[in-house]
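Mind the numbering: the sequence shown is residues 0 to 177 in numbering that gives the first Met the number 0, read in order.
No wet-lab data here; the hints were simulated from the structure. Take these hints with a grain of salt, some might be off.
As the list claims (entries may be wrong) - Subject to a maximum C-alpha distance of 25 Å in a straight line, what follows is the list of computed DMTMM-like cross-link-like pairs (lysine to aspartate or glutamate):
| no. | residue 1 | residue 2 |
| --- | --- | --- |
| 1 | K27 | D43 |
| 2 | K27 | D107 |
| 3 | K69 | E82 |
| 4 | K27 | D108 |
| 5 | K69 | D100 |
From a predicted model like this one, the values you see are computed outputs, not experimental measurements.
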Amino acid sequence: MKEVAKIRSYFPSIKDSLDSSTGMSFTKNMYRALGDANKAIFSDIYPMAAYQARYGYEDMKKCYAATGKKIPNKISKSFESLENGNLRQASDLMADYEQRDVVQNVYDDYKGTFTEMSVANVIQKPFTGSNLFDIPVSTDCGDTDKVPFVGSISNPDDRVGYYNALMDKLSTQQGWSW
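Hey, can you work out the whole structure from these sequences and the hints?
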């Protein structure tokens, strides 16, 4: 968001426009979308991950079966991979579930806002050399080593691909063998 503010300082006539689907400003919608995505993740994934971490996957399967709850297939595969020691596959499956099945609705709900963000990205990239949604990969405060986002932030395939690029970068940087 700092980068958006910086770009707006070059163009003082740019106003914070309204998203036609929500009637709220771009900035407020971005914060709201982030909050909605975090709520969705913590409402959906976190309870399963916390239960699995505390009691194990076998107990989780029994508990869920006894209460009639279904464990989503991608989550089951993720936890099975974790139980088998395949951390990368477990992480990849969890990220895929998160992006496609949990937070995609947020991107759909705030479609106008993410379209505006993409336009703002095109405007600001020549000034900063990076996308608004590139993430620095670092263990040092202030390190600017960013992994560039390729594609559309609203596309779950592109977000999952970006997650994989981030994990590859972190693996190399940290020497993880998975």
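Looking back at the hints listed earlier, which ones does the structure fail to meet? none
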